[in-house]
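Please build the complete structure, drawing on both the sequences and the hints.
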Amino acid sequence: MGRYIIRRILQAIPLLFLLSIVMFSLIHLLPGGADAVLFNPRLTAAGRAALRARMGLDDPFYIQYFKWISAALTGNFGYSFVTNEPVSSILARRFPATLELFGIAFLVALTLAILIGVISAVRQGTVADYSLTILAYVGISMPAFLLGLFLQDIFGVTLQWLPTSGTGSYGLTLSPWASLFDHLQHLILPVIALSILFIAGWSRYMRSSMIEVVKQDYMRTARAKGVGQVSLLMRHAFRNAVIPLITIVALDFGAIAGGATITEGVFAWPGMGLLFIASLNARDYPVLIAMLMISAFLVIAFNLIADILYAVLDPRIRYT
Amino acid sequence: MDISEELNATVEEVEPFLELTPALVQKRRSQGRIIFDRFVRNKAAIGGAIFLILLFVFCFLGPALWRVNPNQQNILSVSETLAPPSLAHLFGTDDVGRDTLARVMAGGRVSLSVGLTSMLMAILLGIGIGSFAGYYGGVVDNVLMRFTDAVLAIPLYLLLFVLSASFTDGTPKSVVVLIAFFGWTYAARLVRGEFLALKQREYVLASRTIGASNLRLMFRHMLPNAAGPIIVNATLLIGTNIILESVLSYFGFGIKPPDASWGSMIDVGQGLFDVDPLLVLIPGALVILTVLSVNLVGDGLRDALDPYMTER
Numbered sequence: 167m168g169r170y171i172i173r174r175i176l177q178a179i180p181l182l183f184l185l186s187i188v189m190f191s192l193i194h195l196l197p198g199g200a201d202a203v204l205f206n207p208r209l210t211a212a213g214r215a216a217l218r219a220r221m222g223l224d225d226p227f228y229i230q231y232f233k234w235i236s237a238a239l240t241g242n243f244g245y246s247f248v249t250n251e252p253v254s255s256i257l258a259r260r261f262p263a264t265l266e267l268f269g270i271a272f273l274v275a276l277t278l279a280i281l282i283g284v285i286s287a288v289r290q291g292t293v294a295d296y297s298l299t300i301l302a303y304v305g306i307s308m309p310a311f312l313l314g315l316f317l318q319d320i321f322g323v324t325l326q327w328l329p330t331s332g333t334g335s336y337g338l339t340l341s342p343w344a345s346l347f348d349h350l351q352h353l354i355l356p357v358i359a360l361s362i363l364f365i366a367g368w369s370r371y372m373r374s375s376m377i378e379v380v381k382q383d384y385m386r387t388a389r390a391k392g393v394g395q396v397s398l399l400m401r402h403a404f405r406n407a408v409i410p411l412i413t414i415v416a417l418d419f420g421a422i423a424g425g426a427t428i429t430e431g432v433f434a435w436p437g438m439g440l441l442f443i444a445s446l447n448a449r450d451y452p453v454l455i456a457m458l459m460i461s462a463f464l465v466i467a468f469n470l471i472a473d474i475l476y477a478v479l480d481p482r483i484r485y486t
Numbered sequence: 107m108d109i110s111e112e113l114n115a116t117v118e119e120v121e122p123f124l125e126l127t128p129a130l131v132q133k134r135r136s137q138g139r140i141i142f143d144r145f146v147r148n149k150a151a152i153g154g155a156i157f158l159i160l161l162f163v164f165c166f167l168g169p170a171l172w173r174v175n176p177n178q179q180n181i182l183s184v185s186e187t188l189a190p191p192s193l194a195h196l197f198g199t200d201d202v203g204r205d206t207l208a209r210v211m212a213g214g215r216v217s218l219s220v221g222l223t224s225m226l227m228a229i230l231l232g233i234g235i236g237s238f239a240g241y242y243g244g245v246v247d248n249v250l251m252r253f254t255d256a257v258l259a260i261p262l263y264l265l266l267f268v269l270s271a272s273f274t275d276g277t278p279k280s281v282v283v284l285i286a287f288f289g290w291t292y293a294a295r296l297v298r299g300e301f302l303a304l305k306q307r308e309y310v311l312a313s314r315t316i317g318a319s320n321l322r323l324m325f326r327h328m329l330p331n332a333a334g335p336i337i338v339n340a341t342l343l344i345g346t347n348i349i350l351e352s353v354l355s356y357f358g359f360g361i362k363p364p365d366a367s368w369g370s371m372i373d374v375g376q377g378l379f380d381v382d383p384l385l386v387l388i389p390g391a392l393v394i395l396t397v398l399s400v401n402l403v404g405d406g407l408r409d410a411l412d413p414y415m416t417e418r
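Sequence order for the protein chains is A and B. Here the numbering used here is used: the first residue of the first sequence is 167, the next is one more, and so on. Here the numbering used here is used: the first residue of the second sequence is 107, the next is one more, and so on.
No lab work stands behind these hints, which were simulated from the structure alone. Misleading hints may appear alongside valid ones.
To be verified - Computed spacing ranges between beta-carbons, pair by pair:
no., chain 1, residue 1, chain 2, residue 2, range
1, A, Ile179, B, Arg139, 50 to 56 angstroms
2, B, Arg314, A, Phe419, 43 to 49 angstroms
3, B, Leu160, A, Tyr296, 22 to 28 angstroms
4, B, Phe325, A, Ile471, 33 to 39 angstroms
In this text, all values refer to a predicted model and were calculated from it rather than measured experimentally. Each residue gets a CB set at the ideal place from its N, CA and C atoms; glycine is no exception.
Here it is, written out as structure tokens:
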């Protein structure tokens, strides 16, 4: 197992290097470029040249890449073209919002997906199963932005129950508890929008793996021994059926560095996804490339974590 | 339940003949017929298929009956902008007086053709890469699969936005190429897996001994045997691609105005949701129903093509 992990990590290193070259070139191919989008159009030619030189945009492409990668390897991702802040501090400021949204949505989604999956597996073929199946299909077929839009309109505009965007109300002086409550209110709709997407997919997964497990021989043996229905489901079936789901969840969690781009965009949630769209529109190269690389790194890392989790949870799986 | 009822009802009529027609002599159905019968029995899948056929007729033949230019603006007339449904405009008009029904048809043509053609491109690419990797193994496999891993490791929406900002000019063709570039990875892994298993089979060895070339083995003998999972994946990919196109257009990275796609219609309509919710609801419902139908058909095909499904 140890050797397997080391080999996977060693394989990931050249992959990340390759990706960094590809992404760096793609970013620099963006039309418009930094100076067309960022610089004040009334800037004199000399000022323009000075700014270009300071940002390193006049160097040949491979020199720019080399400078970037050698700094990035020491953890320095450069400075934002727009605000001149270090990229790492921008990311550090944005990440908590995404982590909060993702973390809560994942907890909600996982709980409900498992519940729904088990119910429809146990009650396979009943009205409950069919209704949950139809709901899951609709959820899977629904584009994320449309779901967000509907939620905003129903709960925010028509019913006026919940705020539709942002992380808190502006212009109000609130006591700490009231402001926490205000923040939680803002959290509800994005969490619902994000978790419904996951619930739809995961509950189908849970259902089919539960149905698969119930058919196994050891389940019949346990039932023959006189194990009760609840204990049979919870202790014998559930623990095996949930293993594939956990690996899927780990894989999905790898997307966190990109943020929930769509959900954040719809609800103006100031996390990584919104940062990415803003940086893309501003051609803020250092932020874009840092985000792409960190996302790719996390996707690869969580791929590995999912594989390891699979082996840890299911002793029948052996990696060599 | 219904099977036993059926048996009970017919047992007297059947019994005298049972010995004359044992199960083995019953008329054998062809493989395709078995799959078709299984598919037809799946009501949800048939419902989805019928909806998709009607949708194609609506989008591609509809304009022959509803002769309104989808890009014709009528911005100066108060009664023509944001009009509610009427005989002149069955689905009403948008904020610049364009006919929603005509735009939904035009947008549907774009969304459906983008979904279909990008699926075709992605599947062909996936089959090409997957089959070479699976068939040749070794270095070829390693290089191609590491390349696949690299594409898979890219956060989809992030790079999709970057690429559509740089490489697409807002025409459906460029959006198709872009979506296909990301869609092939799953098909490639699938085909590689199938080929790894298939190349051990005796019939492959048999045709190699009689001198079949590598390409002939791969695409004449092995590929048809991997067809089932590929068809299922291809069907589901249409739904994914239609969603991707709508997301791109919604964020302004896809189809450029004045041309319509369902996604860009939702984007335009969302600002007017309070005034005229139909501008979002109609294209939105069409996206959901289309993807839903595609998924139902795909899952129906999966069950129908699954050799482990017991024949009842």
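Against the structure, the hints:
1. Remark: the range hint 50 to 56 angstroms for Ile179 of chain A to Arg139 of chain B is upheld by a beta-carbon distance near 53 angstroms.
2. Look at Arg314 of chain B against Phe419 of chain A: about 45 angstroms separates their beta carbons, and that is inside 43 to 49 angstroms.
3. Against the hinted window of 22 to 28 angstroms, the Cβ-Cβ separation of Leu160 of chain B and Tyr296 of chain A comes to about 24 angstroms, which satisfies the hint.
4. At roughly 38 angstroms, the beta carbons of Phe325 of chain B and Ile471 of chain A sit within the given window of 33 to 39 angstroms.
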